[in-house]
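Protein chains: 2
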Amino acid sequence: MKKYNFNAGPSMLPHGVVEATAAAVLDYNGMGLSFMELSHRSPEFKLVLDEARSLIKELLDVPGGYEVLLLGGGASMHFCMVPYNFLVRKAAYLNTGVWASKAMKEATLFGEVVEVASSADKNFSYIPKNFDIPADADYLHVTSNNTVYGTQLHADIDSPVPLVADMSSDIFSRPVDVSKYACIYGGAQKNLAQSGLSFVIVKESALGMTGRAIPSILDYKVHAEAGSLFNTPPTLPVYTALRNLRWIKEQGGVAEMERRARLRADVLYSEIDRNPMFRATVEGDDRSFMNIDFVMASGYEELEQTFAEYAAERGLVAIKGHRIAGGFRASCYNAMPHEGVEALAECMKDFSKR
Amino acid sequence: MKKYNFNAGPSMLPHGVVEATAAAVLDYNGMGLSFMELSHRSPEFKLVLDEARSLIKELLDVPGGYEVLLLGGGASMHFCMVPYNFLVRKAAYLNTGVWASKAMKEATLFGEVVEVASSADKNFSYIPKNFDIPADADYLHVTSNNTVYGTQLHADIDSPVPLVADMSSDIFSRPVDVSKYACIYGGAQKNLAQSGLSFVIVKESALGMTGRAIPSILDYKVHAEAGSLFNTPPTLPVYTALRNLRWIKEQGGVAEMERRARLRADVLYSEIDRNPMFRATVEGDDRSFMNIDFVMASGYEELEQTFAEYAAERGLVAIKGHRIAGGFRASCYNAMPHEGVEALAECMKDFSKR
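Those sequence lines, one after another, are chains V and H.
Taking this note's numbering, the leading residue of the first sequence gets 1, the next gets one more, and so forth.
Taking this note's numbering, the leading residue of the second sequence gets 1001, the next gets one more, and so forth.
Check before you lean on any hint, since a few could be wrong.
[Unchecked claim] Dumping the calculated DSS-like pairs for lysine-lysine here, alpha-carbon to alpha-carbon at most 30 Å:
| hint | chain 1 | residue 1 | chain 2 | residue 2 |
| --- | --- | --- | --- | --- |
| 1 | V | LYS2 | V | LYS102 |
| 2 | H | LYS1221 | V | LYS221 |
| 3 | H | LYS1003 | V | LYS102 |
| 4 | V | LYS105 | V | LYS2 |
| 5 | V | LYS221 | H | LYS1090 |
| 6 | V | LYS105 | H | LYS1249 |
| 7 | V | LYS2 | H | LYS1046 |
Keep in mind the hints are simulated off the structure, nothing from the lab.
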């Protein structure tokens, strides 16, 4: 049975990327050695790291004056590194859910934190708009896509203070105007690679400005100066990232990824809106193209477990919602083929006919 | 040509571990999904993580009252986490080389740091003995094996203050009396797994004692309470670790690993001591069984590059010394077969006959 993997992350990767990673694990380029056994100082690894960083710059059209880092750890590490590196006195955070809240919590250890707006009043089912940003904030932090609640900022916002974004779950899913950001970061395990790796795109002029003594491993400047080789990076995840970045480029780049994401989201939200048995938890323009959240409609709540099992029997993996949000979540990152969402929509149709 | 990989880390892994990792990347247990695509909250991953942590306890005979953590990042992360979690006022560090110095440098951000002894006077070619440990130090930090200079602490020392050890490069190579330590940590990329992962064995009663506000991601207590799932761990490296831990157990455990390491080291040091063309950089009991450092003997210095090429032509990979120490370094971790060191000793013999 053909399976479609809707995991929220670690999540589906293009099959060619999976195969290339497996091949590199067995024997890298006919060297008679596993990629896992190569030194991070070897010329072979250096080529992989350099091409990966350079493809990130190319795919996102990163302007001059920015550094691209590939580091160990995930977004939770950067929840701590961002204030360590950028917070002098006051930081502004937009609270759009679990991950935004976690990021905000870490910042409170480093200075004053202002919550500019929150959608907690409606269970984070929308992205707040028209909020005031303190002009004296060192930065404004946003979470571009909220995996748990299924909301997404579909455009790069204008900010009077330096903008920092956690793009863990929608990086490489659309063109980004990097020039609007001081720092973009995220974990790799959705649209970039396997888990254990994180990416950072940081404005060079924003580094080294706090006057704070920063532990080396947490200092973006240290990593930038060392070309992402200050310490041993997660070497195999970097290789998976390279193969995935090449795949995105071959497929037509991030504009094509966005076109596909919109089509996939359209198929699913249309069926959810049409089908009386289901209800989307997010309305309108804030709906995420990456994580499509829905619940059983009023009157059908007791069928939740039945539908979950029905979908699983058809090879639709991991559509159960996050343990906090409940209901269902179809995570549709770049690697999800259009047939995957068609299969899920068909499954919802068939279920309601039963 | 059969190759022997003497890389210092990331380094050689048992071939079965490499094959098992590649198979899991392609399709994990016939699920039709790559291990890289599984959620870290899935029952499949949970089983892998639990078995890996439990094998670490079993292999090292970890007493009750200790937590075993498998986290992202490497030893450099713990150079920062150790003082964050344990340094209140004063810490003592034994300076045995590059990694010890780096660990010590990070600690200076958190309190007073006392260097109890240093072997810098003789280019770190020995382990200092009979040093005084301040009775009021929060901990004494040692580096059990020094990959760059090729020295090793072959026994667990007695310390009047809590003992913390970086065992990145010799963990699982000998039995350890864990009860003597408050914390043992290290990067995984030598004797445990591929890069991107680190391990921590920490005494529960030593946690949460500083009164300092610690960022969540750097707080051992947070990771312990979350069972190493506070954030997304590097899932595939954890799987590689599990397969390698199973391999160590099947081979006879850490006592057998030590027996083999001593035999391998004996073959190489004997040839280095016998062969007039070569000279060991470390003498006596402090010689590392993991990283065997040597140089061309006096009068033969100009043959260094020639020997490096001669060895490479015979399939002996990466015997060049660390860029700081120069000369040669044969890293012989658990996965190095005895034939590997015999091939290198033979190569030295043949070279000197030419």
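Evaluated hints:
no.	hint	verdict
1	V/LYS2 to V/LYS102	37 Å, violated
2	H/LYS1221 to V/LYS221	28 Å, holds
3	H/LYS1003 to V/LYS102	48 Å, violated
4	V/LYS105 to V/LYS2	42 Å, violated
5	V/LYS221 to H/LYS1090	28 Å, holds
6	V/LYS105 to H/LYS1249	42 Å, violated
7	V/LYS2 to H/LYS1046	25 Å, holds
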